[in-house]
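J.: Residues per chain, in single letters:
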Amino acid sequence: MPKNQNPLFDVLLMTGEIDKTIHEPARLMILSMLNVVDSADFTFLLKQTGLTRGNFSTHMKKLEDAGFAAVTKEFVDNKPLTTYSITSAGKQALSHYRLLMERILIALE
Amino acid sequence: MKNQNNLKSSSLRKRLRILYHQDGILDLVMGSCLVLLTLVMAFNQPAFIGLIGIPAIFYFPLKNQITVPRMGLIRFESVEKTRSRLGIITLLGIALFAIFVLGFILLADSAESLRNLIWQNEILIFALLVAGLLFTLGALMKNKRFLIYAVISLLLTAVTQLLATRLWLAVAGTALILISTGIYKLVQFHRHYPTPASE
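Residue numbers (the numbering used here), protein chains in the order written: chain A, 8 to 116; chain B, 246 to 444.
Calculated from the structure, these hints are not laboratory results.
Keep in mind that a hint or two might mislead.
In silico DMTMM-like cross-links for lysine to aspartate or glutamate, where the CA-CA straight-line distance does not exceed 25 Å [said to hold, decoys possible]:
#, chain 1, residue 1, chain 2, residue 2
1, A, Lys80, B, Glu322
2, B, Lys308, A, Asp45
3, A, Lys68, B, Glu322
4, B, Lys326, A, Glu24
5, A, Lys27, A, Asp72
6, A, Lys27, A, Asp17
7, A, Lys54, A, Asp72
8, B, Lys326, A, Glu109
9, B, Lys326, A, Asp84
10, B, Lys430, A, Asp26
11, B, Lys259, A, Asp72
12, A, Lys68, A, Asp26
13, A, Lys27, A, Glu116
14, A, Lys86, A, Glu71
15, B, Lys387, A, Asp45
16, B, Lys326, A, Glu81
17, A, Lys98, A, Asp26
18, B, Lys387, A, Asp48
19, B, Lys389, B, Glu322
20, A, Lys27, A, Glu71
21, A, Lys68, A, Asp48
22, B, Lys430, B, Glu325
23, B, Lys259, A, Glu109
24, B, Lys308, A, Asp48
25, A, Lys86, B, Glu322
26, B, Lys259, A, Asp48
27, A, Lys69, A, Asp45
28, B, Lys308, A, Asp84
29, B, Lys387, B, Glu322
30, A, Lys98, B, Glu322
31, A, Lys86, B, Glu325
32, A, Lys54, B, Glu322
33, A, Lys80, B, Glu325
34, A, Lys69, A, Glu116
35, A, Lys98, B, Glu325
36, B, Lys389, A, Asp45
37, B, Lys308, B, Glu325
38, B, Lys308, A, Asp72
With the hints as extra help, turn the sequences into a complete structure.
T.: Have a look at this one:
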């Protein structure tokens, strides 16, 4: 069947475009928070997401590897501070994800 | 669609801001400033008016000591942007002060009439200054609580005038409300975010 004859088929094709790095709920939560601030530290993101330390580090590593988040290590009052921020690639990917999901959800209505 | 997305992002940003200021430290600091203002007014010592800002210098140390270890650190804008904004505010403050001094020198001849004008509208000027300060803080921090404080301070000033009582009682009342709310918020914050050692 030609794809333009069945709208549902188009939707199914669109789902293939979803970025799986962002689509995971914990990573989506982290990236959405980083998107609206300049930076946030490990403790803040850990508390707000409710993830365990290990789980959080794994998700952050995936976001870093994908180039969506950047990590900065600094010393404040002689204490190590790890802060995270979203990269321009991350902002772009999140914006694309949001538009794509909206299109998919509208098509499924 | 883009506008809608921006709206959702700004809503999340607003919620994060409220979350970050739920510790009550700002309420306590502002309440302390108003307590000092009450003392200056009650003892009629206008020379000490500059001292009412002293509690403000404790805001960041308190935030670093209480909030950051429990809740973590969040920066809503880059350090450079914050510095440039503070620089602009300082320059504006200096410019306003210079205009005020210059105006006073130029209007030296009519200083008497100016003084009379200030005295006649003393309550209105004062009420607008305190409420304006709280309102500006609320608007800058996107914090509704401070907008409510601004309205309360205006109402209390009106009540003191209706009861023909002393004006500093309105400031004392506002300070009391701010400090009580600050303490309540701080206790709630401690319960919600225990110290890292006791987790």
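J.: Each hint: holds or not?
T.: Results for each hint:
1. For the given pair, Lys80/A sits about 18 Å from Glu322/B by alpha-carbon distance, which is consistent with the 25 Å threshold.
2. For the suggested pair Lys308/B and Asp45/A, the alpha carbons sit about 18 Å apart, so the restraint of at most 25 Å is met.
3. For the hint pairing Lys68/A with Glu322/B, the CA-to-CA distance comes to about 24 Å; that is within 25 Å, so the pair holds.
4. For the proposed pair Lys326/B and Glu24/A, the alpha carbon gap of about 36 Å is over 25 Å, so the pair is violated.
5. With a C-alpha separation of about 13 Å, the suggested pairing of Lys27/A with Asp72/A holds against the 25 Å cut-off.
6. Restraint check for Lys27/A and Asp17/A: the C-alpha separation of about 19 Å stays at or below 25 Å, so the hint holds.
7. The straight-line distance between the Cα atoms of Lys54/A and Asp72/A is roughly 23 Å, inside the 25 Å bound, and the hint therefore holds.
8. Annotation: proposed proximity of Lys326/B to Glu109/A is violated, straight-line Cα distance about 33 Å (limit 25 Å).
9. With a C-alpha separation of about 22 Å, the suggested pair Lys326/B and Asp84/A falls inside the 25 Å cut-off, and the hint holds.
10. A distance of roughly 41 Å separates the Cα atoms of Lys430/B and Asp26/A; the hinted pair therefore is violated under the 25 Å criterion.
11. A distance of roughly 29 Å separates the Cα atoms of Lys259/B and Asp72/A; the hinted pair therefore is violated under the 25 Å criterion.
12. Pair hint Lys68/A plus Asp26/A holds up; C-alpha atoms about 16 Å apart against a cutoff of 25 Å.
13. Distance hint between Lys27/A and Glu116/A is fulfilled; the C-alpha atoms sit about 23 Å from each other, no more than 25 Å.
14. A threshold of 25 Å between alpha carbons decides the hint, and for Lys86/A with Glu71/A the separation of about 23 Å falls inside it, so the pair holds.
15. Our distance criterion of 25 Å between C-alpha atoms is met by Lys387/B and Asp45/A, whose separation comes to about 17 Å.
16. Note on Lys326/B and Glu81/A: the hinted pairing holds, with a Cα-Cα distance of about 19 Å set against a maximum of 25 Å.
17. With a CA separation close to 13 Å, the supplied pair Lys98/A and Asp26/A stays within the 25 Å bound.
18. For the hint pairing Lys387/B with Asp48/A, the CA-to-CA distance comes to about 22 Å; that is within 25 Å, so the pair holds.
19. At most 25 Å may separate the alpha-carbon atoms for a hinted pair to count; Lys389/B and Glu322/B meet this at roughly 21 Å.
20. Our distance criterion of 25 Å between C-alpha atoms is met by Lys27/A and Glu71/A, whose separation comes to about 14 Å.
21. The suggested pairing of Lys68/A with Asp48/A holds, with an alpha-carbon distance near 15 Å, which does not exceed 25 Å.
22. For the suggested pair Lys430/B and Glu325/B, the alpha carbons sit about 30 Å apart, so the restraint of at most 25 Å is broken.
23. Between the alpha carbons of Lys259/B and Glu109/A the distance comes to roughly 23 Å, so the proposed pair stays at or under 25 Å and holds.
24. Of the supplied pair hints, the one linking Lys308/B and Asp48/A holds, its CA atoms being roughly 15 Å apart against a limit of 25 Å.
25. For the hint pairing Lys86/A with Glu322/B, the CA-to-CA distance comes to about 22 Å; that is within 25 Å, so the pair holds.
26. Restraint check for Lys259/B and Asp48/A: the C-alpha separation of about 18 Å stays at or below 25 Å, so the hint holds.
27. Restraint check for Lys69/A and Asp45/A: the C-alpha separation of about 20 Å stays at or below 25 Å, so the hint holds.
28. With a CA separation close to 13 Å, the supplied pair Lys308/B and Asp84/A stays within the 25 Å bound.
29. The suggested pairing of Lys387/B with Glu322/B holds, with an alpha-carbon distance near 15 Å, which does not exceed 25 Å.
30. Annotation: proposed proximity of Lys98/A to Glu322/B holds, straight-line Cα distance about 16 Å (limit 25 Å).
31. This hinted pair checks out: Lys86/A and Glu325/B have alpha carbons roughly 22 Å apart, not beyond 25 Å.
32. Among the hinted pairs, Lys54/A with Glu322/B is consistent with the structure: their alpha-carbon atoms are about 21 Å apart, no more than 25 Å.
33. Restraint check for Lys80/A and Glu325/B: the C-alpha separation of about 18 Å stays at or below 25 Å, so the hint holds.
34. Pair hint Lys69/A plus Glu116/A does not hold up; C-alpha atoms about 32 Å apart against a cutoff of 25 Å.
35. Proximity of Lys98/A to Glu325/B is assessed by CA-CA distance (about 21 Å); at most 25 Å being required, the pair is judged to hold.
36. Only pairs whose Cα atoms come within 25 Å are accepted, and Lys389/B paired with Asp45/A is accepted, the gap being roughly 23 Å.
37. The straight-line distance between the Cα atoms of Lys308/B and Glu325/B is roughly 20 Å, inside the 25 Å bound, and the hint therefore holds.
38. Taken as a hint, the Lys308/B and Asp72/A pair is broken in the structure, with Cα atoms around 33 Å apart against an allowance of 25 Å.
Hint compliance for this structure: hints 4, 8, 10, 11, 22, 34 and 38 are not met, and every other hint is.
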